[in-house]
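> Sequence:
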Amino acid sequence: LARLELQLGGVIGATVPGIPSIWSGRSAKLGWGVTTAYVDDQDVVIEQLNPENSEEYLTPTGFKKFQSRPTIINIKDEAPVTVTLRWSDNGPILPGSFQNLRAVTPPGHVAALSSTALSPSDTTLSASIRLMQSTTVEDALFAGSLHMAPAQNLTVADQTKIAMKTIGSVPNRKTDHQSEGRLPSLGSSASNHWDGTMPYASNPEFIEPMGGLLGNTNNKTVERPFPNHISFTWGDTQRVQRWQRLMQVRQVHTRDSFVEAQLDTVSFTARSLLPLIGAELWFTGEAATEGTIERERQRALTLLASWNGEMNEHLPEPLIYATWVRALQ
6 LARLELQLGG
16 VIGATVPGIP
26 SIWSGRSAKL
36 GWGVTTAYVD
46 DQDVVIEQLN
56 PENSEEYLTP
66 TGFKKFQSRP
76 TIINIKDEAP
86 VTVTLRWSDN
96 GPILPGSFQN
106 LRAVTPPGHV
116 AALSSTALSP
126 SDTTLSASIR
136 LMQSTTVEDA
146 LFAGSLHMAP
156 AQNLTVADQT
166 KIAMKTIGSV
176 PNRKTDHQSE
186 GRLPSLGSSA
196 SNHWDGTMPY
206 ASNPEFIEPM
216 GGLLGNTNNK
226 TVERPFPNHI
236 SFTWGDTQRV
246 QRWQRLMQVR
256 QVHTRDSFVE
266 AQLDTVSFTA
276 RSLLPLIGAE
286 LWFTGEAATE
296 GTIERERQRA
306 LTLLASWNGE
316 MNEHLPEPLI
326 YATWVRALQ
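Per the working numbering, the very first residue in the sequence shown carries number 6; after that it's consecutive.
These aren't lab readings, by the way, just hints derived from the structure by calculation. Bear in mind that the values here come from a model prediction, so they are computed numbers and not experimental data. Cβ coordinates follow ideal geometry from the N, Cα and C atoms, glycine included. It cannot be assumed that every hint is accurate.
[Unchecked claim] For each label pair, taking beta carbons as the anchor points, the in silico distance ranges come out as:
(1) 188 with 89: 26 to 32 Å
(2) 22 with 313: 35 to 41 Å
(3) 257 with 325: 35 to 41 Å
(4) 227 with 131: 23 to 29 Å
(5) 14 with 263: 20 to 26 Å
[As the list claims (entries may be wrong)] Once the Cα atoms are required to be at most 30 Å apart in a straight line, the calculated DSS-like pairs of lysine-lysine come out as:
(6) 34 with 179
(7) 166 with 225
(8) 166 with 34
(9) 70 with 179
Could you put together the complete structure from these sequences and hints?
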């Protein structure tokens with residue numbers, strides 16, 4: 006946490022080491038926070054090497070030479086190491102040892118990384134600084150247009166309005182993309198190349214929703230078909246369901262009620278799963294002899310049967326539940 010004094014006034018909130026801005030915080034007129042948007046903003050592209058010249062790779066229009074340059078890596082107490090960096094049209098070439106890529110890379114091929122975070126004209130830092138200077142929801146959403154990576158869901162509120170918008174670049178994939186970005190795809194096919202990024206206006210946006218509730222816990226925000234899908238992988242839904250319940254239990258919220266929600270330790274997942282996985286086990290069988298494993302099992306089930314899902318560090322139930330679920334997985 007930090008406080009920055011700007012010409013427009015003080016800004017206080019959460020920071021990231023090395024970045025001179027508040028990523029989640031408030032000023033005198035605006036409050037904002039971010040959650041993970043899970044945007045599908047990276048592709049691994051498999052490039053086919055020219056069998057007669059390993060410095061070339063196959064593009065939709067024929068073989069092309071890699072961009073390359075040597076770089077020196079200095080290692081403490083050891084001799085410097087010189088490595089050659091290479092790029093294709095789709096991005097930097099990754100070593101086969103990275104994330105065990107060689108296991109999915111055919112012989113005579115290399116893997117390249119397409120990522121929105123590799124843009125040579127990244128204005129993400131400008132976006133975060135502009136956000137701190139914003140005084141209205143509209144100002145904040147405009148600041149979000151400068152954000153490129155990593156994609157986030159920006160939730161903002163001024164004195165009269167609330168809004169949430171996905172900020173960050175979203176790849177513009179072709180409708181006939183061979184893997185839809187789910188799996189590595191061949192760079193020799195034009196259908197697998199990005200057509201830049203989607204316009205900022207097409208990013209999910211929610212302004213002044215009916216009911217007055219707006220929030221996100223990394224959960225899915227929109228239901229769209231490919232290539233406007235945003236992502237195939239999202240965070241869980243249990244936390245946002247718990248959040249909705251906490252927000253709906255009262256008509257008027259205060260700072261204290263939001264502190265209470267932030268400190269909430271009840272696992273909605275545990276409340277949902279336990280009745281299912283323990284339905285035929287609660288209070289069954291004869292009482293076992295003290296000191297036996299069966300007696301310990303019965304005691305554990307008895308504790309879980311009356312547990313409200315609170316993940317309190319001083320209770321045995323959370324440990325029993327977590328161990329049980331881990332074993333089931």
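> In ascending order, which of the hints set out earlier in this document are inconsistent with the structure?
As far as the earlier hints go, only 6 is violated by this structure.
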